[in-house]
Amino acid sequence: MLTQDTSARAGTITIALQRFIRSYGLILILAVITFSFTIIQPAFLSLDNIIGILYQVSLVGTMAVCSTFVIITGGIDLSVGPVLAMSGLYTVFTLTANGQLLIPALLIGLLTGVVCGLLNGLAVSILRLPPIIVTLATMSIFRGVALLTGGSTLHAVSGPDSFLFIGQGKIAGLPFPIFIFAIVALIMLFLQTRTRFGLNVFAVGENEEAARLCGLPVMQTRLLVYVISGIGAAIGGLMLTSQVNTAWSTYGSGVELDVIAAIVLGGTSLAGGSGSVHRTVIGALLIGEMNNGMSMLNVSVEQQLIAKGLIIILAIAFNNKLLTWAEK
Amino acid sequence: MTDNNILLKARGLSKQYGAVQALDNVDMDLRLGQVHALVGSNGAGKSTLVKILTGAVAPDSGKLLIEEHPISGNTRAMLDAGIACIYQDSQLVPALSVLDNIMLGRQPTRRFGFLDRKTQRDIVTALLAKHDLQLDLDSPVLALPPVQQKEVEIAKALSLNARIILMDEPTAALSHAEVEKLFRSIRRLREQGVAILYISHMLDEIFTIADQVTVIRDGKVRLSVPIAEISKKMLIETMLGQELSAEVRVTQKQSHASTEVALECRGLSKTGLFENINLQVHSGEIVCLTGLVGAKRSELVRAIFGVEPADRGEIFVYGEPVKIKHPLDAIRLGMGFVPEDRRRDGLFMSLSLGLNIIMAHLSSATRLGLLAQGTIRSVGNEQIADLGIVPARLDAVPRSLSGGNQQKVLLGRWLTGNTRIIILDEPTVGIDVGTKANIYALLRKLAAANKAVLIVSSDIEEVLTVADRVVVMAQGRVTGNFDQTQISQELILRAASGEVM
Chain A
1 MLTQDTSARA GTITIALQRF IRSYGLILIL AVITFSFTII QPAFLSLDNI IGILYQVSLV
61 GTMAVCSTFV IITGGIDLSV GPVLAMSGLY TVFTLTANGQ LLIPALLIGL LTGVVCGLLN
121 GLAVSILRLP PIIVTLATMS IFRGVALLTG GSTLHAVSGP DSFLFIGQGK IAGLPFPIFI
181 FAIVALIMLF LQTRTRFGLN VFAVGENEEA ARLCGLPVMQ TRLLVYVISG IGAAIGGLML
241 TSQVNTAWST YGSGVELDVI AAIVLGGTSL AGGSGSVHRT VIGALLIGEM NNGMSMLNVS
301 VEQQLIAKGL IIILAIAFNN KLLTWAEK
Chain B
329 MTDNNILLKA RGLSKQYGAV QALDNVDMDL RLGQVHALVG SNGAGKSTLV KILTGAVAPD
389 SGKLLIEEHP ISGNTRAMLD AGIACIYQDS QLVPALSVLD NIMLGRQPTR RFGFLDRKTQ
449 RDIVTALLAK HDLQLDLDSP VLALPPVQQK EVEIAKALSL NARIILMDEP TAALSHAEVE
509 KLFRSIRRLR EQGVAILYIS HMLDEIFTIA DQVTVIRDGK VRLSVPIAEI SKKMLIETML
569 GQELSAEVRV TQKQSHASTE VALECRGLSK TGLFENINLQ VHSGEIVCLT GLVGAKRSEL
629 VRAIFGVEPA DRGEIFVYGE PVKIKHPLDA IRLGMGFVPE DRRRDGLFMS LSLGLNIIMA
689 HLSSATRLGL LAQGTIRSVG NEQIADLGIV PARLDAVPRS LSGGNQQKVL LGRWLTGNTR
749 IIILDEPTVG IDVGTKANIY ALLRKLAAAN KAVLIVSSDI EEVLTVADRV VVMAQGRVTG
809 NFDQTQISQE LILRAASGEV M
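Protein chains in written order, with the working numbering: chain A, 1 to 328; chain B, 329 to 829.
These aren't lab readings, by the way, just hints derived from the structure by calculation.
For glycine and all other residues, C-beta sits at the position ideal for the given N, C-alpha and C.
Keep in mind that a hint or two might mislead.
Stated by the list, open to error - Computed from the model, here is a short list of chain A residues facing chain B with C-beta under 8 Å:
| # | residue |
| --- | --- |
| 1 | L28 |
| 2 | F197 |
| 3 | R212 |
Stated by the list, open to error - Some chain A residues well away from chain B (every beta-carbon gap over 12 Å; in silico):
| # | residue |
| --- | --- |
| 4 | N98 |
| 5 | L101 |
| 6 | L107 |
| 7 | G159 |
| 8 | G169 |
| 9 | L199 |
| 10 | L213 |
| 11 | L216 |
| 12 | G254 |
| 13 | N298 |
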C-alpha cells in the first residue's frame, strides 16, 4: 500500500505530461503544420485565408462529426456520398414542386438522410451484419436510387434566396456553412459529453456484451448512430446543393473517404470504444489546412493527393506513438 | 555445498519500477525433476520474476545461472537456454491444427520455402511419443478441451528443448477432472527431469503437485521449503503477512437467511442446456450453485438474468411471477449480475471507474436524458470508499487495476441503486487469497443487509467457506440441494458427478 503511494507521487509529472498529450497531442500537430506553412507563406495565417479554410472544411467537417458516433461504436458508414446526392436531389424536387417553399424542402432533404440511416442501422443492429458490408452495399444501392430518380442531368436550383443562403450566405462576414459546421459540432459534442445516449455510444463501442448486461439499449444505440450519420450526410447535401446551385445524382462520390479520413486523423479508433467529436473537428481542420496550404504553395493536384496520403499516415503514426506512450 | 541437481540458479535478483521495489534480492533454485511452486498475493512480485526468467525484462541486479553458466538477454536467448513459459492465457492460434501450433514459426521446409509436412509430422509424433502425450495432430486447437490445449502448449515447449517450464495459473480454465489429467502430464515431465516452476493461487493444487514451495511477499523471498515441511495455514500466513491473515480468519459463517423467498425458479428449461430447474434463494441467504464444467450453471444464471432467456418455466421475484426477456427487465426487478469473465463481459476498459460503476443504473443519474455528473461522482466515490478500491480515483480506468480491484468495481456497480438480488458467476477466479477473503466478507455483509446472493462457483473450498446453502448441478439438472447442516465436500462431489441426492 505504502509503496504504491510513493510511486504515484513520483510519477505525477509524467502522468500530467501524459494527460496533456492524450488531450492535446493533435492540437500540437495542427500547430506544427500551421507554423510550417506560415513560415513558407506568411499569407497562410491571414484572416481571409483562415476563413477560407474553415469554409472549405465545413461540408466534410459537418458530415464527419455526424459520422463520429458510428465509428466510436466500432462501425463505419461508407454510404454518406450517395445520401448527400439524394438529399440534394429531393430537396430540389420538393422546391420545384412546391413553389419554392423552403421548410418542406429542407425536411424532405433531411428525411432522406433519416430513412437511409435507418436502413443502415436496421441491417446492422437487427440483422447483425458487419457495418462495412452493409454500408458498402447501401453505398451502391443508394447511388443507384439517386441515378434512377435523378437521371444523369444537373438539376438547377432557381431559388428561393433563403435556400441559397445556406451555402452562399454570410453573417458578419463569415460564410454561413461555417456556422452550420460549428452548430452541428456543438450539438454532437453536447450529445457526446452530456447525454445518456452519448455514454451508451461509448459503452456499446467499448464492450457490447458488458453494455447488454448493464441493461443498456444496445440495438437502439446502434440504430440511432446510423440515423445521425445519415442526417449529417443529408445536411451535407443541402450545403453542397445550395453552394453550387445544382443537385446531381453523382455528387458526393468519394466523399466518404474524406469523412473517414477526418475522423481517423482525429485519432478516433476504427476498432471502436474511443474517440471524440472535438477530435474529428481538429482532424477536419488538419485536412483543410493541408489542402489549402499546398494550393497556396502551387503544389500540383497530383502531388497534393500523394502528399495528403503520406501526411495522413505520418500524422496518425506519430499520434499513435505519442498515445501509446501517454497511456502507459 | 554443491548440489548437482540444480538446473537453474537465481541469485540476488532485484528489479525496481519507479519507486516500487518489485523484486528485492531474490534467490531461487530450480532442480532437475522438481515441481517448484511459487506463491504470493497479487503484486507480490511473481510476475516480475517470471518476466525476468523469460527475458521479457532485465533485472537491475543479480544473475541467472543454468548449470553454473550465466545466462542473460532477451526472450530468444532464454528460449535457447531452455526456459519456456506457459502463460495463463493461451498463446496458441485457435484455428490452426495441433501439428502446426506445436511447430509454429519453425516448420521444416523444402526448397523454395514450401512446407515439409511429412518431416514435421514425424518430428511431432516422435516428440509426443517420447513424452507420452496423446493428441490428435490434425484437430484445430479450438476444437480441443482446455486441458488438451494446455498439453499442446507443453508439447510446444518441449519441442523447443525446454528443460525448465514455467506454468502461470495453468489450471485456471480447467475443471476438476481436467486438473487431474494435467497433473498426470506434469508428473511425467518431472520423471523425465524437467524442472517446473508452478505458479498458482490454488493452494490445494500446490500441496498435490509441488515438491518445493517458495513464498514471496513485497518482492522478497519469505520462505522456501520442501512442501512436506509446511502446513496450509502457515503457507497462507506467510503469504499474507501477520495482520492480513488475522482478517481472513474472521470470515466466520453466520447465516442471515430469512424465510422470505427473494428469487425462485420453477421448472425452468432451455432446450439442449438445462431441464426443469427448481431453485430458491431467500433474502439474506448466500446460495452457491456448484458442479463440474458442463453442468450449465452459467447458462442457467444467464437465463435467469435475461441474457439468453429460458424457453419454459417460471421465475418469481419476491413471490410475484415475472417475465425477464432482457437484462434490463432483471435490473428493473432489482437484480444484478457479475459475469464470469470480468474483462470480456463486465468492464468498460477505457471508461472511468465512475462510469463503470454507474453504468447499470444510469436512469438514477440522468435528468431528461442529461447525465448528472454530480450524482455519478458521488455514487462512484461512495463505492470506491466502501469497497476500498485501489487506486481510489474516479477517473482511473479498469485496465490499470488488479483483478481483485476490477472485481470490486463490478460489485460496486450492483451495490449502487436498489439491487436486492445479486448473482455472481465465479467471483474469485484469478484473485489472490487476501482479496478473496475481502470479497467473501463483502458478500456476507450483503447477506446481512438482507440481500439475496446467488454464486456460481467451481471452487469447492469457496463453496464450503461462503455458502448457506449449496445447490449442485450436473448435466443441466439439479442433483443436490444441501443446507448448512448437510454441506460436505463428499456429498457435493457425489452430486456433481451426477448422483441425484
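Going down the list of hints, with the structure as the test:
Because the beta carbon of L28 (chain A) sits about 22 Å from the nearest beta carbon in chain B, more than 8 Å, this interface hint is broken. Proximity of F197 (chain A) to chain B holds as hinted, the smallest CB-CB distance being about 7 Å (cut-off 8 Å). Annotation: R212 (chain A) was flagged as interfacial toward chain B, and the flag holds, the nearest CB pair being 6 Å apart, inside 8 Å. The Cβ of N98 (chain A) sits about 34 Å from the closest Cβ of chain B, beyond the 12 Å cut-off, so the non-interface label holds.
At roughly 32 Å from the closest C-beta of chain B, the C-beta of L101 (chain A) stays outside 12 Å, upholding its exclusion from the interface. With a least CB separation of 23 Å from chain B, L107 (chain A) remains clear of the 12 Å interface cut-off, as annotated. Remark: the non-interface label on G159 (chain A) is consistent with the geometry, its nearest Cβ contact in chain B lying 38 Å away (cut-off 12 Å). Remark: the non-interface label on G169 (chain A) is consistent with the geometry, its nearest Cβ contact in chain B lying 32 Å away (cut-off 12 Å).
Not every CB of chain B is more than 12 Å from the CB of L199 (chain A) (nearest about 6 Å), against its label as outside the interface. A Cβ of chain B approaches the Cβ of L213 (chain A) within 12 Å, the least distance being about 5 Å, so the stated non-interface status is violated. Remark: the non-interface label on L216 (chain A) conflicts with the geometry, its nearest Cβ contact in chain B lying 7 Å away (cut-off 12 Å). The Cβ of G254 (chain A) sits about 32 Å from the closest Cβ of chain B, beyond the 12 Å cut-off, so the non-interface label holds.
For N298 (chain A), the requirement that its beta carbon stay farther than 12 Å from each beta carbon of chain B is met, with the minimum near 44 Å.
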